[in-house]
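2 protein chains.
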Amino acid sequence: MDKIFVTGAAGFIGSNLVDRLLADGRSVTGWDNFSTGQREFLQSALAHPQFRLFEGDCLDLAALTRAMAGCDFVFHLAANADVRFGLEHPSKDLRQNTVATFNVLEAMRANGVRRLAYSSTGSVYGEAEIIPTPENHPFPIQTSLYAASKAAAEGFIHAYCEGFGFEGYVFRFVSILGERYTHGHVFDFYKQLLEHPERLKILGDGSQRKSYLHVADCIEAMLHVVKLGTAKSAKHRVETYNLGADEYVQVNDSVRILCAALNLQPRLEYSGGARGWIGDNPFIFLDTKKIRATGWKSALSIEQGLVRTLQWLRENRWVLQKR
Amino acid sequence: MDKIFVTGAAGFIGSNLVDRLLADGRSVTGWDNFSTGQREFLQSALAHPQFRLFEGDCLDLAALTRAMAGCDFVFHLAANADVRFGLEHPSKDLRQNTVATFNVLEAMRANGVRRLAYSSTGSVYGEAEIIPTPENHPFPIQTSLYAASKAAAEGFIHAYCEGFGFEGYVFRFVSILGERYTHGHVFDFYKQLLEHPERLKILGDGSQRKSYLHVADCIEAMLHVVKLGTAKSAKHRVETYNLGADEYVQVNDSVRILCAALNLQPRLEYSGGARGWIGDNPFIFLDTKKIRATGWKSALSIEQGLVRTLQWLRENRWVLQKR
Numbered sequence: 001m002d003k004i005f006v007t008g009a010a011g012f013i014g015s016n017l018v019d020r021l022l023a024d025g026r027s028v029t030g031w032d033n034f035s036t037g038q039r040e041f042l043q044s045a046l047a048h049p050q051f052r053l054f055e056g057d058c059l060d061l062a063a064l065t066r067a068m069a070g071c072d073f074v075f076h077l078a079a080n081a082d083v084r085f086g087l088e089h090p091s092k093d094l095r096q097n098t099v100a101t102f103n104v105l106e107a108m109r110a111n112g113v114r115r116l117a118y119s120s121t122g123s124v125y126g127e128a129e130i131i132p133t134p135e136n137h138p139f140p141i142q143t144s145l146y147a148a149s150k151a152a153a154e155g156f157i158h159a160y161c162e163g164f165g166f167e168g169y170v171f172r173f174v175s176i177l178g179e180r181y182t183h184g185h186v187f188d189f190y191k192q193l194l195e196h197p198e199r200l201k202i203l204g205d206g207s208q209r210k211s212y213l214h215v216a217d218c219i220e221a222m223l224h225v226v227k228l229g230t231a232k233s234a235k236h237r238v239e240t241y242n243l244g245a246d247e248y249v250q251v252n253d254s255v256r257i258l259c260a261a262l263n264l265q266p267r268l269e270y271s272g273g274a275r276g277w278i279g280d281n282p283f284i285f286l287d288t289k290k291i292r293a294t295g296w297k298s299a300l301s302i303e304q305g306l307v308r309t310l311q312w313l314r315e316n317r318w319v320l321q322k323r
Numbered sequence: 001m002d003k004i005f006v007t008g009a010a011g012f013i014g015s016n017l018v019d020r021l022l023a024d025g026r027s028v029t030g031w032d033n034f035s036t037g038q039r040e041f042l043q044s045a046l047a048h049p050q051f052r053l054f055e056g057d058c059l060d061l062a063a064l065t066r067a068m069a070g071c072d073f074v075f076h077l078a079a080n081a082d083v084r085f086g087l088e089h090p091s092k093d094l095r096q097n098t099v100a101t102f103n104v105l106e107a108m109r110a111n112g113v114r115r116l117a118y119s120s121t122g123s124v125y126g127e128a129e130i131i132p133t134p135e136n137h138p139f140p141i142q143t144s145l146y147a148a149s150k151a152a153a154e155g156f157i158h159a160y161c162e163g164f165g166f167e168g169y170v171f172r173f174v175s176i177l178g179e180r181y182t183h184g185h186v187f188d189f190y191k192q193l194l195e196h197p198e199r200l201k202i203l204g205d206g207s208q209r210k211s212y213l214h215v216a217d218c219i220e221a222m223l224h225v226v227k228l229g230t231a232k233s234a235k236h237r238v239e240t241y242n243l244g245a246d247e248y249v250q251v252n253d254s255v256r257i258l259c260a261a262l263n264l265q266p267r268l269e270y271s272g273g274a275r276g277w278i279g280d281n282p283f284i285f286l287d288t289k290k291i292r293a294t295g296w297k298s299a300l301s302i303e304q305g306l307v308r309t310l311q312w313l314r315e316n317r318w319v320l321q322k323r
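Chains V and W, in that order, give the protein sequences.
Read in order, the letters of the first sequence are residues 1 to 323 in the numbering used here.
Read in order, the letters of the second sequence are residues 1 to 323 in the numbering used here.
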């Protein structure tokens with residue numbers, strides 16, 4: 001793993017990963033269509049001699065294949081991460097998550113690259129029957145287009161590992177927090193409170209229970225497992241790991257932590273209902289025994305992650321204008 | 001359920017379903033791209049006043065949407081069913097199974113059609129850990145592009161049921177046998193024996209265990225469940241049912257049954273190995289308790305199904321030239 005191709009390189013997680021890999025002494029080729037990626041996130045990478053950046057979309061298979069030439073490992077992080085708005089443009093998830101992943105696999109095949117890590121989501125469990133939810137949870141029902149498109153991508157990755165001898169690492173993330181965070185509830189709450197410090201609108205009844213992980217912990221976990229090479233000896237040459245904290249919080253806990261950090265006491269206005277939107281999952285908490293058994297553990301608590309995310313947003317208000 | 005749209009209407013299962021629905025007094029609109037469908041299978045349907053046929057591909061969303069106008073239920077059976085050759089043209093499964101299904105969902109949404117039945121496959125369980133395999137088997141690893149593309153389609157159907165209030169029936173089939181059967185091991189074996197009655201080449205070591213269901217039983221099962229409307233009250237408005245016989249046979253049993261029916265004693269030549277090809281599943285046997293609990297049961301044994309399939313092929317040798 002010396003020459004690494006990162007899709008979604010200008011994104012929240014992608015750009016943090018790029019910086020981490022460069023610090024590790026790897027050569028990195030970044031790929032991003034800049035639909036939500038930010039050139040600012042690659043400022044330090046772009047000054048690094050071991051970094052190359054290509055602007056392109058995963059739907060352009062020919063360009064993707066050319067850009068990947070010479071690489072030996074792929075982190076496929078590019079995605080439409082717009083979980084909430086899937087029903088407004090259903091084909092976006094299909095194209096940007098499923099077809100895009102398929103193209104990454106085809107570009108790898110064309111280039112003889114056979115190792116990849118993929119950022120999937122804990123949403124693929126739907127409304128899980130078992131919580132905390134293990135990787136071998138019963139065959140789920142997909143409750144959002146986002147999750148359906150990610151689960152679909154997982155399946156194609158499996159088939160390439162089995163059929164073409166690829167080595168695959170599928171990581172099912174909870175929501176990720178941290179520096180360069182550009183969407184999600186911390187973003188929404190902070191943006192609201194900047195405009196109207198006296199009130200905060202909350203989707204659902206605030207009792208939704210969610211787990212979060214700091215981006216640095218997320219990246220360490222992926223690199224840890226990939227370095228171990230656990231999929232090499234897996235039955236179908238693919239391993240799946242839940243990635244999350246060992247705890248969860250209610251949306252109301254997040255509100256309390258964020259308001260305390262901002263020293264604000266807004267009036268709370270709930271939209272009501274157990275779900276914030278159609279397809280919202282009222283309780284996401286992943287069982288992370290499998291990855292912890294490899295020796296990884298998270299360094300930051302959810303509260304620390306929330307506070308650091310807010311701190312970064314306060315220092316980078318420009319990002320609030322980007323969406 | 002009066003005006004029914006059937007994709008893959010000229011196929012093996014589709015054409016049998018069309019005839020059955022017309023006999024039941026329904027209006028049927030058939031859709032087929034004739035990539036593997038046979039116009040001959042629709043001969044009697046085409047003479048029926050309640051049948052309309054459109055030639056088109058599910059990838060042509062505009063034409064599909066126009067053809068579906070006025071219908072109130074969709075049986076989506078069109079698919080690339082070429083399980084064995086996925087690795088030779090990986091994008092075919094993505095396009096013909098996943099994207100095609102997505103387009104069917106979009107055409108339904110555009111037309112206000114909200115009820116569908118889908119022919120998925122027992123292959124989605126991969127190499128199942130639990131046999132007989134129940135619908136809530138642990139989240140599987142896909143071992144073929146075919147299964148990955150079908151599992152992906154299932155997920156999008158789920159998301160449309162949850163997000164747009166569709167009512168969905170997902171049927172995971174074992175291999176289907178019977179009149180108008182146009183591919184599979186009975187087809188291959190009979191074709192071989194017509195050309196070389198003295199020897200039979202068998203993929204794998206012959207010990208693969210598989211379950212089969214006769215097409216008439218398959219169709220009765222789907223209609224039975226759809227009439228009950230079980231998905232209306234399901235948590236996510238979608239129900240999944242395994243469809244198979246209550247038994248399985250080894251490939252060697254099939255060989256014995258078919259050779260006896262043909263009164264032949266060929267030399268058996270095995271390619272060897274537990275799997276006939278990469279992605280072949282050495283043991284497929286589905287737990288069908290869930291659908292049997294609704295009152296359905298199969299009428300024909302696997303042996304009866306095999307013999308009737310062979311009989312039909314003997315009377316319709318023209319079909320052997322089609323592939």
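Derived from the structure by calculation, the hints contain no laboratory data.
Please note that a few of the clues may not be correct.
Put simply, identical chains are the same to the list, so a pair is met inside one copy or across any two.
[To be verified] Straight-line distance between alpha carbons at most 30 angstroms, and here's what the computed BS3-like set of lysine-lysine pairs gives:
hint	residue 1	residue 2
1	K289	K191
2	K297	K92
3	K290	K232
4	K322	K201
5	K201	K235
6	K322	K232
7	K232	K297
8	K235	K289
9	K92	K235
10	K201	K191
11	K232	K92
12	K201	K232
13	K232	K289
14	K227	K92
15	K322	K235
16	K3	K297
17	K201	K289
Each hint tested on the structure:
| no. | hint | result |
| --- | --- | --- |
| 1 | K289 - K191 | neither (35 angstroms within a copy, 52 angstroms between copies) |
| 2 | K297 - K92 | neither (34 angstroms within a copy, 41 angstroms between copies) |
| 3 | K290 - K232 | within (16 angstroms within a copy, 37 angstroms between copies) |
| 4 | K322 - K201 | within (20 angstroms within a copy, 63 angstroms between copies) |
| 5 | K201 - K235 | between (48 angstroms within a copy, 28 angstroms between copies) |
| 6 | K322 - K232 | neither (41 angstroms within a copy, 42 angstroms between copies) |
| 7 | K232 - K297 | within (22 angstroms within a copy, 43 angstroms between copies) |
| 8 | K235 - K289 | both (20 angstroms within a copy, 29 angstroms between copies) |
| 9 | K92 - K235 | between (33 angstroms within a copy, 26 angstroms between copies) |
| 10 | K201 - K191 | within (11 angstroms within a copy, 68 angstroms between copies) |
| 11 | K232 - K92 | between (33 angstroms within a copy, 28 angstroms between copies) |
| 12 | K201 - K232 | neither (48 angstroms within a copy, 34 angstroms between copies) |
| 13 | K232 - K289 | within (20 angstroms within a copy, 37 angstroms between copies) |
| 14 | K227 - K92 | neither (33 angstroms within a copy, 34 angstroms between copies) |
| 15 | K322 - K235 | neither (44 angstroms within a copy, 38 angstroms between copies) |
| 16 | K3 - K297 | within (26 angstroms within a copy, 57 angstroms between copies) |
| 17 | K201 - K289 | neither (35 angstroms within a copy, 47 angstroms between copies) |
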